[in-house]
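Residue strings, one per chain:
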Amino acid sequence: MSIDTVVSRRAVLAKIGLAFNFVVGAILAVPIVRYLMSPVARGRSGGYLDWLSLGGLEQFPVGQTRLATYHNPVRSGWDGETADIPCWVRNIDGQNFQVFAINCAHLGCPVRWFPQSNLFMCPCHGGAYYQDGSHASGPPPRGLFQYSYKIDDGQLFIKAGETPTTGSPTASLNGKGPSCS
Amino acid sequence: MQLIRRIGSWFDARLQLGKEIRETAEHPVPRESASWFYVFGSAALITFGLQLVTGILLATVYVPSAGEAWNSLQVLNHDIALGWFIRALHGWGSNFMVAIVLIHMVQVFLFGAYKYPRELTWILGVMLLLVTLGMAFTGQVLRFDQDAYWGLGIGASIASRVPFAGPWLVNLLLGGPIIAGATLSRFFAIHVFLIPGLLIGFVCLHVLLVLKLGVNEWPVPGRIVRRATYLREYHQLTHTKGVPFVPFAVWKDILFSGFVLLSVAACAVFFGPFGPGGPPDPTIIQTAPRPDFFFLWIYAALAFLPPAVETPLLLTAPVVGIALLLLLPFFAGEGEKSWKRRPIAVFTVLLAAVALGSFTQLGLHTPWSPVMDAWSSMPIPREFLHGRTALERRGAIVFQEKQCRNCHSLDGQGGKRGPALDRVALRLTSDQLVRQVIQGGGNMPAFGKNLSPAETTAVVAFLHTLHPAGQAPARDAAQDVALGADHARTPYR
Numbered sequence: 001m002s003i004d005t006v007v008s009r010r011a012v013l014a015k016i017g018l019a020f021n022f023v024v025g026a027i028l029a030v031p032i033v034r035y036l037m038s039p040v041a042r043g044r045s046g047g048y049l050d051w052l053s054l055g056g057l058e059q060f061p062v063g064q065t066r067l068a069t070y071h072n073p074v075r076s077g078w079d080g081e082t083a084d085i086p087c088w089v090r091n092i093d094g095q096n097f098q099v100f101a102i103n104c105a106h107l108g109c110p111v112r113w114f115p116q117s118n119l120f121m122c123p124c125h126g127g128a129y130y131q132d133g134s135h136a137s138g139p140p141p142r143g144l145f146q147y148s149y150k151i152d153d154g155q156l157f158i159k160a161g162e163t164p165t166t167g168s169p170t171a172s173l174n175g176k177g178p179s180c181s
Numbered sequence: 182m183q184l185i186r187r188i189g190s191w192f193d194a195r196l197q198l199g200k201e202i203r204e205t206a207e208h209p210v211p212r213e214s215a216s217w218f219y220v221f222g223s224a225a226l227i228t229f230g231l232q233l234v235t236g237i238l239l240a241t242v243y244v245p246s247a248g249e250a251w252n253s254l255q256v257l258n259h260d261i262a263l264g265w266f267i268r269a270l271h272g273w274g275s276n277f278m279v280a281i282v283l284i285h286m287v288q289v290f291l292f293g294a295y296k297y298p299r300e301l302t303w304i305l306g307v308m309l310l311l312v313t314l315g316m317a318f319t320g321q322v323l324r325f326d327q328d329a330y331w332g333l334g335i336g337a338s339i340a341s342r343v344p345f346a347g348p349w350l351v352n353l354l355l356g357g358p359i360i361a362g363a364t365l366s367r368f369f370a371i372h373v374f375l376i377p378g379l380l381i382g383f384v385c386l387h388v389l390l391v392l393k394l395g396v397n398e399w400p401v402p403g404r405i406v407r408r409a410t411y412l413r414e415y416h417q418l419t420h421t422k423g424v425p426f427v428p429f430a431v432w433k434d435i436l437f438s439g440f441v442l443l444s445v446a447a448c449a450v451f452f453g454p455f456g457p458g459g460p461p462d463p464t465i466i467q468t469a470p471r472p473d474f475f476f477l478w479i480y481a482a483l484a485f486l487p488p489a490v491e492t493p494l495l496l497t498a499p500v501v502g503i504a505l506l507l508l509l510p511f512f513a514g515e516g517e518k519s520w521k522r523r524p525i526a527v528f529t530v531l532l533a534a535v536a537l538g539s540f541t542q543l544g545l546h547t548p549w550s551p552v553m554d555a556w557s558s559m560p561i562p563r564e565f566l567h568g569r570t571a572l573e574r575r576g577a578i579v580f581q582e583k584q585c586r587n588c589h590s591l592d593g594q595g596g597k598r599g600p601a602l603d604r605v606a607l608r609l610t611s612d613q614l615v616r617q618v619i620q621g622g623g624n625m626p627a628f629g630k631n632l633s634p635a636e637t638t639a640v641v642a643f644l645h646t647l648h649p650a651g652q653a654p655a656r657d658a659a660q661d662v663a664l665g666a667d668h669a670r671t672p673y674r
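These protein sequence lines are chains A and B, in that order. Residues 1 to 181 (the numbering used here) make up the first sequence, in order. Residues 182 to 674 (the numbering used here) make up the second sequence, in order.
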């Protein structure tokens, strides 16, 4: 038996070893990728997009727009203050409401309501919206995002659980064309 | 002394690194390259070292939990001896590191040091710039305050605009559908483990390449880089006219690094740590989020992009920019090194500097944002009310109450989003003012549904008084002819 054949047999074994490690690596990669992707998968399951209470209707006087807060439905124990998410509730006539996301449709900064001029103004890039959430001026490409709402047992509920962004699925469902005031 | 030498040789007998270290230290560099222009690379390295040390020190106290991070920063600032100083060193060290990396890059670019055979050194340098900026952004998130919270929102909004994968990316970025505990935890992991690991790896390769390929020679106009001849020419240059790196060049590196560290410490002492700002409570909406200094230019650019091109530009500009930087040594790998013979290179640097500088300046002043409290905090200047009729003064009240002031300044005070109105009566007739107020337009909201006819009359009467004493307000001459000259004086002056 020559040296060459011995070496080549070792080389084949080394290659088999490499292939074996490659297979093991691939097997390990599956749970690792699954773990890394868990926010994407988890986002579509339990608690995501729930009916969440904003409190009793008496907090929202007719004809006014008030700040309300809901609890993030997919919360963890260490969220701290970030677990409470604000939104704007407009009581149009006691029967019909509009619930706007706090996030500007441009880049998500918190819009502020000015009852004197009936405008929402954004502090970041100067977006402004009318009281019905439609775009008034500035860079936002659309009106404010709106949550679906329902009234149950004297309480106002909204369907929430996701930061509204231009690309998010809920954004395309709600508030594309804000209802006329 | 004898003892030190014996300990040294004990280690060297085992490590056997002494010869390599001595050869590395004394490797020849071109005589002119032992220059003050060549100190920025080592200065960037020393600031990274400072960030590493202060970062570890901060991690001994900082709590990477959304519920506790802000409190732990307060403890660092106020309760722990010199905790504020370590935070300030880390914060200022970050600014210095970004600045020095940028200066280093400009110097390398202008001196043609990215050309053959140093292409890979440049590419690793671009990666180092990116990870340094990544550290700066994630570090700003770890300072978990209002700005960090809403900054994450801006990041999520940008990520959401990616076609198809947008919503997934948002969830990946935030660790869930909403900014919460998971968000801070992952940014902590990225800032403390992932990016530093990459940074250390890139730095090692970058420095290794500098040692293997040699320090760039001083560019001389007319000395052309050619693949066929460069290596021989460089070898000749360093071995005939070269000087050993230690001590001929290294003393400048050491002195400058010391100066940089001292400057960081001085800034830390005099200006203190950055924030944290208000607590990361999204229900406190009285806030105007701002990114840190080195990201202000992006923040400013986002105010000016028209909606139609915003998304395409946001998603393609960074990719194109990074690709251009990475490909630079491949389309300009040979030729002149001297900036004196490379006018396009010089103008590119100037253009980038002017653009970044202007946008940063704008980002510091945000003229596009309404001044949210102008209507209640900035009274109408006296001279605009003196000797006015009751109707005009009523109009001034409407002007304040309807928050016109948030976007329009009077006497230099108020928002800069809309035009200043000190002389508006010279530009617009009463009828045009009525139309503008009621219908809006030109990026102004319409106030028609929000003003009673009486209020409109009053505010337009007030606006019509806004002109310099010696100049008559604008009027519609055709109206004078049709309705008689008297009409022009009523109902407004």
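If you are wondering where the hints come from, they were derived from the structure by calculation, not from laboratory data. Positions of the beta carbon are idealized from the N, C-alpha and C atoms, including for glycine. You may find that some hints are simply not true.
[Said to hold, decoys possible] If you anchor each label on the Cβ, the simulated ranges turn out as follows: (1) A:Glu58 - B:Ser539: 49 to 59 Å; (2) B:Ile465 - A:Gly154: 27 to 37 Å; (3) A:Arg10 - B:Leu198: 26 to 36 Å.
[Claimed, not checked] Not close to chain A: a few residues of chain B, all C-beta gaps over 10 Å, as computed: (4) Phe192; (5) Ala247; (6) Val256; (7) Leu310; (8) Ile360; (9) Phe429; (10) Val431; (11) Phe437; (12) Pro493; (13) Thr497; (14) Pro524; (15) Asn587; (16) Arg598; (17) Asp603; (18) Thr638.
[Stated by the list, open to error] From the structure, some residues in chain B lie toward chain A, with a derived Cβ separation under 7 Å: (19) Ala194; (20) Arg195; (21) Gln197; (22) Ser338; (23) Gly347; (24) Asn352; (25) Tyr411; (26) Pro460; (27) Asp462; (28) Pro463; (29) Pro634; (30) Ala635.
Do the hints match the structure? See the list:
For the pair A:Glu58 and B:Ser539, the beta carbons lie near 52 Å from each other, so the given range of 49 to 59 Å is met. At about 28 Å, the beta-carbon gap between B:Ile465 and A:Gly154 stays in the expected band of 27 to 37 Å. Checked against the given bound of 26 to 36 Å, the beta carbons of A:Arg10 and B:Leu198, roughly 32 Å apart, stay inside it. Every CB of chain A lies more than 10 Å from the CB of B:Phe192, the least distance being 35 Å, so the non-interface label holds.
The claim that B:Ala247 is not at the interface with chain A is violated, since a C-beta of that chain comes within 10 Å of its own (minimum 5 Å). The claim that B:Val256 lies off the interface holds: its Cβ sits roughly 15 Å from the closest Cβ of chain A, which is beyond the 10 Å cut-off. Distance check on B:Leu310: its Cβ is at least 24 Å (rounded) from any Cβ of chain A, clearing the 10 Å threshold; non-interface status holds. Once the 10 Å rule is applied to beta carbons, B:Ile360 is inconsistent with being away from chain A; the minimum gap is 6 Å.
With a closest Cβ-Cβ approach of about 47 Å to chain A, B:Phe429 is found to remain outside the 10 Å limit, as its non-interface label requires. Distance check on B:Val431: its Cβ is at least 43 Å (rounded) from any Cβ of chain A, clearing the 10 Å threshold; non-interface status holds. The Cβ of B:Phe437 sits about 39 Å from the closest Cβ of chain A, beyond the 10 Å cut-off, so the non-interface label holds. Here B:Pro493 stays apart from chain A, with its beta-carbon at least about 12 Å from theirs, past the 10 Å limit.
Every CB of chain A lies more than 10 Å from the CB of B:Thr497, the least distance being 16 Å, so the non-interface label holds. The claim that B:Pro524 lies off the interface holds: its Cβ sits roughly 36 Å from the closest Cβ of chain A, which is beyond the 10 Å cut-off. Chain A draws B:Asn587 into its interface by the beta-carbon criterion, the shortest separation being 7 Å against a cut-off of 10 Å. Under the 10 Å C-beta cut-off, the non-interface status given to B:Arg598 relative to chain A is violated; the minimum distance is some 5 Å.
At roughly 21 Å, the least C-beta separation between B:Asp603 and chain A is larger than 10 Å, which holds for a residue marked as non-interface. Here B:Thr638 stays apart from chain A, with its beta-carbon at least about 18 Å from theirs, past the 10 Å limit. Among the interface hints, the one on B:Ala194 is violated; its C-beta lies about 34 Å from the nearest C-beta in chain A, farther than the 7 Å criterion. Interface restraint check for B:Arg195: the shortest CB-CB distance to chain A comes to about 30 Å, outside 7 Å, so the restraint is violated.
At a threshold of 7 Å, the smallest CB-CB gap from B:Gln197 to chain A is about 28 Å, leaving the interface hint violated. With its C-beta approaching chain A no nearer than about 4 Å, B:Ser338 sits inside the 7 Å limit, and its interface hint holds. At about 3 Å, the closest approach between the beta carbon of B:Gly347 and any beta carbon in chain A falls short of 7 Å, and the interface hint on this residue holds. Annotation: B:Asn352 was flagged as interfacial toward chain A, and the flag holds, the nearest CB pair being 5 Å apart, inside 7 Å.
The interface hint given for B:Tyr411 is violated, since its Cβ lies 38 Å from the closest Cβ of chain A, which is over the 7 Å cut-off. Proximity of B:Pro460 to chain A holds as hinted, the smallest CB-CB distance being about 6 Å (cut-off 7 Å). Nearest Cβ of chain A to the Cβ of B:Asp462: about 4 Å, under the 7 Å cut. The hint holds. Interface restraint check: B:Pro463 against chain A, minimum CB-CB distance 6 Å, threshold 7 Å, status holds.
Taken as an interface hint, B:Pro634 does not check out: its beta carbon lies about 17 Å from the nearest beta carbon of chain A, beyond 7 Å. For B:Ala635, the shortest C-beta to C-beta distance to chain A is roughly 16 Å, which exceeds 7 Å, and the interface hint is violated.
Checked against the numbered hints listed earlier, the structure breaks hints 5, 8, 15, 16, 19, 20, 21, 25, 29, 30; every other hint is satisfied.
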